[in-house]
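Novice: What follows is each chain in one-letter form.
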Amino acid sequence: MTGTVEIRDVVKRFGKVEAVRDVSFSLPEGETVALVGHNGAGKTTLMKLMLGLIKPTSGSISVLGDDPVAGQFEARRRLGYLPENVSFNAALTGSETLAFYARLKREPAKSVAPLLDRVGLTHAAGRRVGTYSKGMRQRLGLAQALLGEPRVLLLDEPTTGLDPALRQSFYEIVEELRGRGATVLLSSHALTELEERAGRVIIMNRGIKVADGTLDELRRIARLPTRIRLKVTGTGLANVPNWLGPVDGWRRINGQMVEIDAAPDRKIEVLRRATDEGAPVEDLDVIPPTLDELYAHFLLTQEAAR
Amino acid sequence: MRNILIVARKEIQEGLRNRWVLATTLLLAGLALSLTFLGSAPTGTVGVRALDVVIVSLSSLTIFLVPLIALLISHDAIVGEMERGTMLLLLSYPVARWQVLLGKFVGHLSILAFATLLGYGAAAGALAVTGAEIDAQSWTAFGSMIGSSILLGAAFIAVGYLVSALVRERGTAGGIAIGIWLLFVLIYDMALLGLLVVDQGQTLSGGFLNALLLLNPADAYRLFNLTGSAGVSAFSGMAGVAQNATLNPSVLLAALAAWALVPLGLATLAFSRREL
Chain H
1 MTGTVEIRDV
11 VKRFGKVEAV
21 RDVSFSLPEG
31 ETVALVGHNG
41 AGKTTLMKLM
51 LGLIKPTSGS
61 ISVLGDDPVA
71 GQFEARRRLG
81 YLPENVSFNA
91 ALTGSETLAF
101 YARLKREPAK
111 SVAPLLDRVG
121 LTHAAGRRVG
131 TYSKGMRQRL
141 GLAQALLGEP
151 RVLLLDEPTT
161 GLDPALRQSF
171 YEIVEELRGR
181 GATVLLSSHA
191 LTELEERAGR
201 VIIMNRGIKV
211 ADGTLDELRR
221 IARLPTRIRL
231 KVTGTGLANV
241 PNWLGPVDGW
251 RRINGQMVEI
261 DAAPDRKIEV
271 LRRATDEGAP
281 VEDLDVIPPT
291 LDELYAHFLL
301 TQEAAR
Chain Z
307 MRNILIVARK
317 EIQEGLRNRW
327 VLATTLLLAG
337 LALSLTFLGS
347 APTGTVGVRA
357 LDVVIVSLSS
367 LTIFLVPLIA
377 LLISHDAIVG
387 EMERGTMLLL
397 LSYPVARWQV
407 LLGKFVGHLS
417 ILAFATLLGY
427 GAAAGALAVT
437 GAEIDAQSWT
447 AFGSMIGSSI
457 LLGAAFIAVG
467 YLVSALVRER
477 GTAGGIAIGI
487 WLLFVLIYDM
497 ALLGLLVVDQ
507 GQTLSGGFLN
517 ALLLLNPADA
527 YRLFNLTGSA
537 GVSAFSGMAG
547 VAQNATLNPS
557 VLLAALAAWA
567 LVPLGLATLA
577 FSRREL
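Here the protein sequences come in this chain order: H and Z.
As numbered in my numbering, residues 1 to 306 make up the first sequence, in order.
As numbered in my numbering, residues 307 to 582 make up the second sequence, in order.
Hints may contain errors.
To be verified - Each pair of labels, with its calculated beta carbon distance range:
id, chain 1, residue 1, chain 2, residue 2, range
1, Z, T446, H, T122, 52 to 60 Å
2, Z, L521, H, G120, 52 to 60 Å
3, Z, E475, H, R8, 34 to 42 Å
4, Z, L521, H, N39, 47 to 55 Å
Said to hold, decoys possible - Covered by chain H, per the in silico footprint, the following chain Z stretches (three or more residues, Cβ under 8 Å):
id, region
5, 362-372
6, 553-559
If you're looking for bench data, these hints aren't it; they were derived computationally from the structure.
Just so we're clear, the structure is a prediction, and the values are computed from it rather than from any experiment.
All C-beta atoms in this analysis are idealised placements derived from N, C-alpha and C, irrespective of residue type, glycine included.
All chains should be modelled from the sequences, with the hints used to inform the complete structure.
Specialist: Pasting the structure below:
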């Protein structure tokens, strides 16, 4: 199966710096994919490559069936891009700016007002962009990316600078487009930013693709332990292995609490014993590995392998 | 073609909004009007040749002002948009880089042409209204003065783009633009004069001097306007030069056009090779 975006063995060097090293992946229709990595991991470079703004040193890229650097504009008309730190000319108003971009995409002028409404900028449409706040500029940036019902949306760190309510409505818009069959690629520097919105995650580190899969798949591969906290009564604390059985990692947190790092396949077993009749347990909390821990795990394993 | 017009339209819109158009038009009109009325005071009434006097003073004004305005609006065109980050978004749209550059050129040139036409036209209009008699020959000379002024502006806009496409920072582009203005408008002529004085007509041939004059768009413009029409050259004190000039107006115009087209082509090339 071929996706809307195909990247094969792509390498991009800037002088001596290898920004992207031998990366391959394919993005299918109707999927939200997150591109996660630190600053300088190659996320923005990958997006610029997909847009045809820079040429790959080697390897091939195809976006909606076109080679983006070949100067074929058919694909670009069906492509939306929101750059990191989007900026506009300060002298024009919001609706003038959007109308300019609509003309370049050959979209009718009447598509401007509904888009501004969709991102909640109708009240500021007649004001100069120079007077906009960061969040408003970001929304205008999203509006221009949505021009012309794009088949592929490339959003570079789209939610930085948005307050939680805006972030919510932002993800709703993205989800709606995805539902209509668009490919959405979101980049972010932290996995937690994405709040589990992405169906699939690609983790990049120093230009190398470190991990690629759904969050559940990544969790399985990483085999990160689940933390279980038990509130122990009476003298139970003195002889934990007696009633809990042999567990690898456990430690006392304070006079009443015990924390256990349970590997995925041992989790149920530990829970069963802890909830067994006669076990001196008053209360328990199960804390699954966070996205940050998952992300850190993949970065660390790749660093260790170098 | 449509993309070029879309970009040009946006440049004009921006120029109108940030008062560039207004400021340049007012500046040119104000200076042109004061030159027209104050400049003729010491010479008294010059009768039928009133417009020719205006042409002489306005073309001297143009040599200083138009290149400066042109460089001011053009030096920022590429490097400035790149630094602000607006270029990245623009180039992700279905528009080629040469279309962006050409669109900007059309837009900036329209702003300059509008200001020149309106500003200088105001001077001629005022002269006509106050009852000065102007014959057809003077009108032709005046028309070609405005046309060549716009061409001179085009040349310096193109040079400004070339600078803008080559440098990495806005500040550098600004510095180089000022340097170019100083070189072509002030230093070049002084150096040429010094050279001629030192040489005393011994070794430098007329052909070499012609070539040197064509290598500076401002000089090509000056020669075109001050020697182009018999009436004007009489007033500019260039009548002697005009008789001996081996450079005819079409060569001078061609040089000006080349000064617009070659830097524009080079700027397009430099811009298309540039990585974002």
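Novice: Would you mind marking each hint as holding or not holding in the structure?
Specialist: Hint check:
no.: 1; hint: T446/Z to T122/H: 52 to 60 Å; in the structure: holds (54 Å)
no.: 2; hint: L521/Z to G120/H: 52 to 60 Å; in the structure: holds (57 Å)
no.: 3; hint: E475/Z to R8/H: 34 to 42 Å; in the structure: holds (36 Å)
no.: 4; hint: L521/Z to N39/H: 47 to 55 Å; in the structure: holds (49 Å)
no.: 5; hint: 362-372; in the structure: violated (count 0)
no.: 6; hint: 553-559; in the structure: violated (count 0)
The structure is inconsistent with the numbered hints 5, 6, although it conforms to all the rest.
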